[in-house]
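**Student:** Combine both chains into one complex, guided by the hints.
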Amino acid sequence: MMNDQDKVLKEVTQSDYKFGFTSNIETESLPKGLNEEVIRLISEKKNEPEFMLEFRLKAYRNWLKMKTPQWAHLKIPEIDYQDIIYYAAPKQKAKPSSLDEVDPELLDTFNRLGIPLEEQKHLSGVAVDAVLDSTSVKTTFKETLAEKGIIFCSFAEAVQEHPDLVKKYMGTVVPAGDNYFAALNSAVFSDGSFCYIPKGVRCPMELSTYFRINAANTGQFERTLIIAEDDSYVSYLEGCTAPMRDENQLHAAVVEIVALENAEVKYSTVQNWYPGDKNGKGGIYNFVTKRGMCKGNNSKISWTQVETGSAITWKYPSCILRGDNSVGEFYSVAVTNNHQQADTGTKMTHIGKNTKSTIISKGISAGQSNNSYRGLVKVMKNAENARNFSQCDSLLMGDKCGAHTFPYLEIDNKSAIIEHEATTSKIGEDQIFYCNQRGIDTEAAIGLIVNGYAKEVLNKLPMEFAVEAQKLLQITLEGSVG
Amino acid sequence: MLKIKELYVTINDQEILKGINLEVNPGELHAIMGPNGSGKSTLASVLAGREEVNVTSGSIEYNGEDLLEMDPEERAHKGVFLGFQYPVEIPGVSMVNFMKTAVNEQRKQRGMEELSASDFLKLMREKSEFVGLKNNLTNRAVNEGFSGGEKKRNEIFQMAMLDPALSILDETDSGLDIDALKAVANGVNKLKRKDNATVVITHYQRLLDYIIPDFVHVLYKGKIVKSSDKSLALELEEKGYDWLEKEVEV
Ligand SMILES: Nc1ncnc2c1ncn2[C@@H]1O[C@H](COP(=O)(O)OP(=O)(O)O)[C@@H](O)[C@H]1O
Ligand SMILES: [Mg+2]
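Heads up: the sequence lines are chains A and B, in that order. Numbering-wise (numbering that gives the first Met the number 0), the first sequence opens with residue 0 and increments by one. Numbering-wise (numbering that gives the first Met the number 0), the second sequence opens with residue 0 and increments by one.
Check before you lean on any hint, since a few could be wrong.
[What the hints assert, rightly or not] What the simulated footprint calls covered on chain B by chain A, stretch by stretch (three residues with Cβ under 8 Å from a Cβ of chain A suffice, anywhere in the stretch; the number is not a length):
{"id": "1", "segment": "104-114"}
{"id": "2", "segment": "183-192"}
[Claimed, not checked] Computed cross-link-like contacts, DSS-like style, restricted to lysine-lysine with a CA-CA straight-line distance of at most 25 Å:
{"id": "3", "chain 1": "A", "residue 1": "Lys380", "chain 2": "A", "residue 2": "Lys352"}
{"id": "4", "chain 1": "A", "residue 1": "Lys454", "chain 2": "B", "residue 2": "Lys133"}
{"id": "5", "chain 1": "B", "residue 1": "Lys4", "chain 2": "B", "residue 2": "Lys225"}
{"id": "6", "chain 1": "B", "residue 1": "Lys99", "chain 2": "A", "residue 2": "Lys470"}
{"id": "7", "chain 1": "A", "residue 1": "Lys265", "chain 2": "A", "residue 2": "Lys355"}
{"id": "8", "chain 1": "A", "residue 1": "Lys470", "chain 2": "B", "residue 2": "Lys107"}
{"id": "9", "chain 1": "A", "residue 1": "Lys44", "chain 2": "A", "residue 2": "Lys166"}
{"id": "10", "chain 1": "B", "residue 1": "Lys121", "chain 2": "B", "residue 2": "Lys191"}
{"id": "11", "chain 1": "B", "residue 1": "Lys4", "chain 2": "B", "residue 2": "Lys77"}
{"id": "12", "chain 1": "B", "residue 1": "Lys77", "chain 2": "B", "residue 2": "Lys133"}
{"id": "13", "chain 1": "B", "residue 1": "Lys2", "chain 2": "B", "residue 2": "Lys191"}
{"id": "14", "chain 1": "A", "residue 1": "Lys355", "chain 2": "A", "residue 2": "Lys198"}
{"id": "15", "chain 1": "B", "residue 1": "Lys99", "chain 2": "A", "residue 2": "Lys454"}
{"id": "16", "chain 1": "A", "residue 1": "Lys454", "chain 2": "B", "residue 2": "Lys150"}
{"id": "17", "chain 1": "A", "residue 1": "Lys355", "chain 2": "A", "residue 2": "Lys413"}
{"id": "18", "chain 1": "A", "residue 1": "Lys57", "chain 2": "A", "residue 2": "Lys44"}
{"id": "19", "chain 1": "A", "residue 1": "Lys346", "chain 2": "A", "residue 2": "Lys413"}
{"id": "20", "chain 1": "A", "residue 1": "Lys425", "chain 2": "B", "residue 2": "Lys150"}
Bear in mind the hints are in silico, worked out from the structure with no lab data behind them. Heads up, the beta-carbon is just placed ideally off N, CA and C, and yes, glycines get one too.
With the rest of the complex left out, here is chain B (with noise of 0.2 Å):
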């Protein structure tokens, strides 16, 4: 589905990405660690086509095509969704007006009929209730006043809303209580098919606890120094990332 193949990422001529190789398959959750800095933001930017991140080697195919070509709504069209890290605010453009836009202008790329006014507030009742996104926040603008938790929620709504191929997820755990925190899992792991990817950028092991990887994968200083099984995000939560920095230098 996914393959970054060598990229080499700068943003305002500094270098951030050095050399990335990661390859994700349908049906796989993949898990992003590293500490703050290392990188991983402008991974998930690169992946979305964030104008300012330049890249200046290497490749990217996403289901055979090539993602780097493509404009960030494409992109999404093509079933790419980032949750954000820092989700923004837009004042006045309330949640329904927001999403139907969004969901019909996908469906319009694909083919297919917008969708109803009864049958997008039956999806968005559904689908609110799904992650336990208070319907009250739904019918507030986009992110107007949400706290912490609730913009975190909102991003997995609307992954939810938009039945994404391949997700990923920028650090949508952090600053979440527990409940939260568990209520992003089980959204995460209900949305999990046989046909969609996942890729979870964290920097706690906290959220593996209730979101079980496929794959880890440390991203240190730009690159990926180490791949592996859940297990590796254990050894990280023990141990911290400072022993990467021997390891990396050896």
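Extracted from the complex, chain A is given alone in its bound form (with noise of 0.2 Å):
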């Protein structure tokens, strides 16, 4: 006999990934295959200054000398870098100015995906950059930003308007050749978001960057480079999803902050890139390089995400807390489900005096899937006084997944405290029992215990985002309890 968390399990993980239609919009594209003519080429399509060109090509050639890395624990299918489109875009006008000239296919896919791109139907406050296919498609809500001087566009529109921000911040936090997926990234990004949040300036509204990957058989490489002047504040707010397809997509993205004196930078990611079927056939290589710098004094930064999708996640959003009394901050939700592969967690390395860090890892684990958490507390030689507070817990559904944790530390300063607390905890089934009893059934039992497990994460995100995030964890992993 069936038991009923068994026909939960059964009826979810055999229910649709919700975002995984495709939407028949003309792209351009370039033919597969990278090398440095196809760099070239990009690089004329975007019409970009000389300096962006060297970037790339320089990128490319540390490119053509690295490995993939070996040492996170997932298991990576070799893949064919010649057999990836590296530039798609929807084609529409080069820059709409108004939505009329937006392709109106290419506006009801983010209808669809619960983001409309007019201004009006956006009451909640949120200005959207939303990425196709690594192509900036529009932004919303940038007159409203510009009259306290926010600038909020697509980093290609960043290289053409303001080349002198990009060319002082690019690369200066993550290095073309910091590892071999941003080494990728610097020389074929075609797009992305880039953000500059003058000196004294709160930002009044959240801004959202939406990444939709379209296109079959192709890349995804956005970059985004956000820059906090003294004393400046912004919440930004990153989502993603892509059509269901049987073969394996590539996204490879990198993510630049620069936060200079008493400036704060919060950045929430709810990712849930299509993760695959539920035997793994399909799903998004999800390799990704996000790193903050807080360079000023007294800054801040703060990564918060909840990973549900993508076949490999391979993340770590990191901070480098070179101002003295800057404070870095990671909490992090991360799912796996069926055969999802997940290594993710952070790196804090602290520099400055008096620097401080926290790290929040809950890593969810179901179905066969495997899940690590990989930490890297750095204590320079003169950070005086430096604090870490590290929790990393995993939650186990079933006996067939994995959760693993890997906490690193390099102390080289003795004045350092480092905290670390870790735990394992299964979702028993006498917590499920105990709902049922108070009528709760199965399903909406595990989304109270996961959501209540994973709360301290959530409650970081931005309202709208956090009930998002909650219904989206229920969905991945209701029924996962066998």
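**Tutor:** Quick look at the structure:
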């Protein structure tokens, strides 16, 4: 007899990925394959200044000498980099000046994702940069933001309009040769988001980038650069989905954040790339380099991530705490189900005095998935009175999945105070039965328990995102106890 | 309301209940007593629908329906409440959120509208005062870090919130100091009505100083070996459970 939990498990694992549709949007793309010629073409298509092409070529030459990182607790199938399209863009007027010029099918795509690009529909007051297949298609609320001197636009546009800022900061946090995937991104990235908050400005609304992969056989390589000048504040959100496709697709993004004196940047991600089907076929390979530099004294960078999608996740949003009294935070919920694999965590590098970092990681594994936390806390010689608190919890659902924790410490200053806590627990049949007895069915019970477990992290998300994330967790996991 | 007939139950192929017969009618309060290991909690688990408890023969009728056919949550929606002997902790899930989900789920199943946030909070406050559960406990996660006594009070609080037709309270009295015991008993007495019924499972007669049962049953080695009125409890208190051995064998 099939018990209740198995039934729910079956229903859920067989339910469809909600965002798996494809859109019929005309795209312009380069042929498959990667070489210097392709890079020159990308740069040319984007009408880039010379320094950009140099940056790309340097990165490419670096990349050729590099190897896929092997240290992660992941089984990464061989990727044929010549079998990927490196540039695909929705065909539309170079820069649509109004929504009327945007392909209606494209607008419809974002509407179906719940992201209306018409500004009057944006009651929640979130400015959105929508990126489809590596190209920014529309940024909302640009004028409102411009009044405060805030620049929020696509990366490509920033290269044209604000080349000095791009030149000054791009690659300063994640150098072109930082790692295999960052180097690849630096060589071929086609677009992304750019954000600049001037001195003394508190950004009046959440800024958000919404990434969508649509075209087949296409890699998505976007790049985000956020610069927060002295005494400024911004909260930034990132969401992502992709169609269901049988083949795997590569996503290798780079995010760089620079926080100057007294500046604060909050970066929140709800990552919901297509995870592949229940047998592990298809899905996105998500190899992302995200790093923030607390450059000024008293600056603060907070990463919050809810990772539910992707077939493979390789991602370590990190903070370099250079300024004295600067603060780095990492709050993460990573969920894996079926055959998903995630190796995610953070790196906190303490350089300045009295720097503080907090790491809260909540892993949840179900099905036959593997979920690893990997974190490094590094305290440099001159980082007097550095403090770190890390808490890494794992929650297992069922007994075919795995949870692993790899905390690393490199402490070169004796005054450092480092605390680390870790727990592993299983959702108990007893907890579920207790809920059942109070009239709460197994699905809702798992939702309650998982959201309770992840609460510390979910609480860090902006309101609208928190609700979405809670639902997402429940959908991803319902009934995975067995 | 509840009719248990010739009920045989195994756990892991081991026979635990061996032919239970019990009838509970609206307005009645039954006490089930018996030494440790006699099967009291097992009986409570069967009624609540725990998966690992197997009914090998016999029947349970609840308001004319076959209780054994229902999922645990369906039983709850139809008014069956179990006060657990060992209430579990659910970290991170606030009592407010938990009870709101439970109350609204029940209302939904009964075709009623969800309670508004303010009505719900009013109900929470009212019922937590009713069982003397400190307000800050209802703000905490379900049973997390609660003392033994607080956990038991919390069960009575949930009973008051859900207003069940049939309550089974499994050793809700054990491990309580006298004040907590009185509070629990007081709660049970005040919740008693003509149209609901309560089965208190207890090891000690102490609780029955404060709750007057209509019937007392002795469960011994998986069988109800004696049923009588309140006086039976006193007799057990006086003689202990040992004398039953001889009596049963006769
Ligand atoms: N999960 C279980 N697996 C095996 N035996 C069990 C289990 N639960 C209870 N039992 C056994 O069933 C018998 C009755 O237990 P229980 O119903 O808890 O008794 P009581 O509540 O009267 O103390 C005991 O012998 C106990 O060891
Ligand atoms: Mg018991």
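**Student:** Check, residue by residue, whether the segment 104-114 of chain B contains three or more positions whose beta-carbon lies closer than 8 Å to a beta-carbon of chain A, and give the verdict.
**Tutor:** Result for this restraint: holds, n = 3.
**Student:** With a Cβ-Cβ cutoff of 8 Å, does the segment 183-192 of chain B contain at least three residues near chain A?
**Tutor:** violated (count 0)
**Student:** Given the hinted pair lysine 454 of chain A and lysine 133 of chain B, is their alpha-carbon gap at most 25 Å?
**Tutor:** Holds, at roughly 24 Å.
**Student:** Just to be careful, I want the Cα atoms of lysine 470 of chain A and lysine 107 of chain B compared with a cutoff of 25 Å; is the pair within it?
**Tutor:** 20 Å, holds
**Student:** Under the criterion that the straight-line Cα-Cα distance not exceed 25 Å, is the pair lysine 454 of chain A, lysine 150 of chain B satisfied?
**Tutor:** Answer holds: lysine 454 of chain A to lysine 150 of chain B is near 23 Å, not above 25 Å.
**Student:** Is lysine 346 of chain A close enough to lysine 413 of chain A, meaning Cα to Cα at most 25 Å?
**Tutor:** 19 Å, holds
**Student:** Is it true that the CA of lysine 2 of chain B sits at most 25 Å from the CA of lysine 191 of chain B?
**Tutor:** The given pair, whose Cα atoms are some 20 Å apart, holds under the 25 Å limit.
**Student:** Does the structure keep lysine 380 of chain A and lysine 352 of chain A at a Cα separation of 25 Å or less?
**Tutor:** Since the Cα atoms of lysine 380 of chain A and lysine 352 of chain A sit roughly 10 Å apart, the hinted pair holds (cutoff 25 Å).
**Student:** Within a Cα-Cα threshold of 25 Å, do lysine 77 of chain B and lysine 133 of chain B meet the stated pairing?
**Tutor:** 29 Å, violated
**Student:** Take a quick look at whether lysine 99 of chain B and lysine 454 of chain A sit within 25 Å of each other, Cα to Cα.
**Tutor:** Distance of about 17 Å is within 25 Å: holds.
**Student:** Lysine 4 of chain B and lysine 225 of chain B were given as a pair; does the straight-line alpha-carbon distance stay at or below 25 Å?
**Tutor:** 16 Å, holds
**Student:** Assess, step by step, whether the Cα of lysine 121 of chain B is no farther than 25 Å from the Cα of lysine 191 of chain B, and give holds or violated.
**Tutor:** 22 Å, holds
In this structure, the hints that do not hold are numbers 2 and 12, in rising order.
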